[in-house]
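Participant: In case you want the letters, here they are:
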Amino acid sequence: MFKMKKLACFIVSTTLVSCLLLSGCSKNTTTEPNDSNSIPNSNSSGEDSGNSTLEPYEIDAYFLAPQCKDLDLVEAEINKLLKEKINATVNLNYYWWDNYQQRQQLDVTSGKKIDIMFSPSWWGFNDYVAKEAWLPLDELLEENGKDIIENIAPAYLKAPIINGKLYAIPTGKDMYGTGGFIFNKELVDKYDFDINSITQPEDIEPWLKTIKDNEPGIIPFLSTNGDQQAYLVQDWQVNVGTIDVPVGYEKTDGDVEIINLLETDISKRIYNLTRSWYKKGYINKDVATLQDGTPIKKAKKVFAWTEQLKPGKADELKAQYGYDLVQANAWKDIQYYTTTLDLTNSQLVIPRTSKDPARAMMFINELFANKEIKNLLSWGIEGKHYKKISDNQIDFADGVNADNSGYYGLAQWAMGGSQFLDYLWVSESPDKWQKMKEFNEIAKPMKIVGWTYDSSNVKSEMAALATVGQNQVEPLSQGLVDYDEYYPNVKSSLEKAGIQKVIDDCQNSVDEFISSTK
Amino acid sequence: MKTKNIKRPVEINSIKPTTNLVLNVIFSVYCIACIAPLILIFMVSITDQASLATNGYSFFPSKISLDAYRYLFSDLGKLLRTYGITIFTCVVGTFFCVLFTMLYAYPLSRKTFKYRNFFAFFIFFTMLFQGGLVPWYILYTKYLNLQNNLLALIMPPIMNAFYVLVAKTFFSINVPDSVLEAARIDGASEFKIFRKIVIPMSTPVIATVALFSSLAYWNDWYLCLLYINDPKYYNLQYSMYQALRSLQFLTSSLVPSSSAASSLANVPGETLRMAMAIVGIGPIIFAYPFFQRYFIKGLTIGAVKG
Amino acid sequence: MTTNANTTTETTTDTSITLEKKPLWKKSAFLKELVTNKALFLMLLAPFTLIFVNYYIPMFGVIIAFKNFNYSDGFLRSPWAGLQNFRFLFMSDAAWQITRNTILYNLFFIVLGLVFALLFALSLNELRNKFMAKFYQSVIFLPYFLSWVVVAYLVLAFLDPNGFYNKTVVNLLNLESVDWYASPKYWPYILVLVNLWKNIGYGIVIYLAGIAGIDQEYYEAATLDGANKFQQIKHITIPFLVPFMVVTTIINLGNIFRSDFGLFYQIPMQQGLLAPATEVLDTYIYKALITTGDLGMSSAAGLYQSIVGFFTVLLANWVVGKISNENRMF
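Chains as they are written, first to last, in our numbering: chain A, 880 to 1397; chain B, 18 to 323; chain C, 459 to 788.
Some hints here could point you the wrong way.
Mimicking SDA-like on lysine to any residue, the simulated pairs with C-alpha atoms at most 25 Å apart in a straight line are [claimed, not checked]:
{"#": "1", "chain 1": "A", "residue 1": "1159", "chain 2": "C", "residue 2": "623"}
{"#": "2", "chain 1": "A", "residue 1": "1064", "chain 2": "A", "residue 2": "1205"}
{"#": "3", "chain 1": "C", "residue 1": "588", "chain 2": "B", "residue 2": "40"}
What the hints contain is simulated information worked out from the structure, not anything from laboratory work.
Given the sequences, and given the hints that come with them, work out the whole structure.
Facilitator: Put into structure tokens, the structure is as follows:
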């Protein structure tokens, strides 16, 4: 036993030493690229605009996109154009929903060279900035992003500012979403419901009753695990962190006050509404266990459900589900606001491991100015993957369909750049971009666009609150419990998890921001 | 007469026919509880998705549809390729796992080996303490450069404290020192003893480790998620996992706005998941019967008693 | 021969005692052992290296649990955070409940798993028709192949408001319908049952292998001595299987604070209402960190589980040692 201990110590210490040595190596390679702001001298492109003075460079770009058979081909086409413009080639890496988040963290932590990455606010963007993973882009934008500035709504460039510096380039698209309903058009027509008459969610209740009484096989209102709560309150309040943590503020023109979102009038109202609908049998009984509502929606067994709406949403969903749908906002005649979260839900960043950030910025710039490159990225190669059926609309190329296309299924809104450059799919309405521009004009940016909450002081509390959110708040949104009976329990759990500390810390942060921008 | 005499010792040592019957009944009932779910899964996988949404699971689907399988097999080449990759990693991995496990466990079981406790603790410790995903990932991708390399799928599960300790236990009990001593006296080298005596006596534990190990390799999708980017090298479970998760995310409320994914219109949901379960099990179901025959009473050299 | 071996060991011990006075390394003793048993060392070499590379090198990452990690400072230079990263584990007013759940479930799994695996293995071994025995074995193993997600759907099909129980069984046996997913009290039974069903095949294999290794002659001798089945099992089979029972139990105790994530996360369909009965440490950690993915905190959580498991194992090993010294793990 004695000898063994000594040997054990010996082994452990050798291990530690060798690890330290090894990690010493890793340290060097991680910090080799610039510290924060300094731009490496490999690029003198700031002054010279001609590509003749630019050295060739390979841009490693990581996007949220599915694996495509023809990725190499598309990459080659893009590079032909890219070489001419900025003497660079791009190396596209696609991770899809199942492992993007995981891979992102591992790739960033392991210090490998990454030039461009998709990092939206709902996937840890703030965290990465707080941990200094992304570079500040202010100077880079000024020098190499002229087309970006021209082609993007100004509010977008205020949103990803943290501690005074810009850390991402958002995608130009819909600047907000409205909470609303999607209805089965057939049933709407059958009973002559007037969609335009909806001013608030309660208005559809008589319709739900009609459906329940007259259509036995149809679910009046489908709630997938309580999702309607988030959609119906989103026009009124905003979470500062993830959706599980009920800390945030109400949308308003006035001063921003950080509060416990479960106690707002609107939250209570919708919880009670859900509860009453559940008791009356309008909501599907398996609301708690339903994780994927798609099959039953596709089977046309549902009358209504909630979604985040934007122009053309019902058309998009029609393509997905295969029958006619109509949409209607849940709230009428209210002021819509754009918040930071809306503007940062799709954006590209340049990590600190990039060896030529200026070149990376130039590539992003191209995505705002160069229609050819943007559409190659979004849709593939003309003639091979799609064909044009009108000036701005496309359809599958001949002989190509969803199953055999070598470049299909991407989320165009996640590919960065300006979506207004994208071609429109045949099933969408030709004036979608026009409508979207109008839609964007309606909303007002809130006073605190440009403020994001850095929760590193309270990260333990945030973690604890997230669990409470997932375990205890859920039943409320599923309509399984009465708010008044049930909430006091939740409140005490929230308090134990430190919600007041988070609220105070957050309010401080807001006040600082407001006073610094005055 | 004579044959009866030889038979008797075995018969005497069997359990009574009534006990046998009772046990058989119990097992049969339990087996139904094991097979029925699988049959149900199969039934669901061939059910039409829409009717599933309305009628729920049933052993007798109201409407049959092979859509799920059509979707899975649509890229037959890819599917076969993933099968191939999986089988390859499975076979190679299991071979080395068994080899190294036996090599490591044997010295641990020798009571004359002074450092046996140290080495036992050395591997057992790994079961308790882990450094975490990130350092391990950095090691593999940065220093060993195993990104997109099949070795990254084979190496991690090779040394497993559980298998080693089970093997060690087996060696300690069932490979008596006296046999080994006899062989040593006869001048055989340690390796020869290992090869010619220990291994043949240990078929049950070899089969056990081989079975567990091949299952571990077969079911893995996580290693693939971490280390393999190139679809050429996807293994079966991961490629199916990927297809399913993509579907999940797109229909979840996490995503602020979904794309015009008309591709979603044709993809079956739950039936797909069930079909994947069936396809994923496929060949490995035969692994158990294959290894089973080694769980028979092992060969023992009668010379022990001497 | 045996005496020879003893003397060898004795001499080595002697040398080691005298060497105590010499500096650091017990160099001679180690080298001596190396030479005597060089074949054994050679056998250990390759696996040892693999273990070292795969497990020990990454262990340094555990320091992250005590740091406030940021990417520009990396692993080494990030500022220390003391025990900050461990706080979130104790900030839930359900912390006690979670701990209790984790431990109790594991204890049940260990005990029931062992008892049933043993019973099944012994019974299977005794069946007269070997073909049927093999058939049963294979079938019992089948549930192991299913993923927890698929099993969750099966359970759902059974317990759903529109599922088998509430639609069919209730009518057949004239019972009341039950809202399973809203009643925590049933779930300990459900989870234990489902876990046993899925994993029992795995445990059975080990004991079958153990039984297969027992020399037939013991049984023959016992039969001749007039021992009946039960006595044979009690005095021959079980003792031979005890070391396996000890090994598996101790290993499982080492994981006393860990759980099969799929079981506890998927089967209850992530129902918040069931959390008092189904939330274990691993699911709590997952839910807490799923969006922040804070490296320090997840490492801290893992370390917490490891430390508790470590002390549990030390305790268990000591207890086992007291009862029968040769069955100690180390």
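Participant: Look at each hint and say if it fits the structure.
Facilitator: Each hint, compared with the structure:
1. At most 25 Å may separate the alpha-carbon atoms for a hinted pair to count; residue 1159 of chain A and residue 623 of chain C meet this at roughly 24 Å.
2. With a C-alpha separation of about 6 Å, the suggested pairing of residue 1064 of chain A with residue 1205 of chain A holds against the 25 Å cut-off.
3. With a C-alpha separation of about 13 Å, the suggested pairing of residue 588 of chain C with residue 40 of chain B holds against the 25 Å cut-off.
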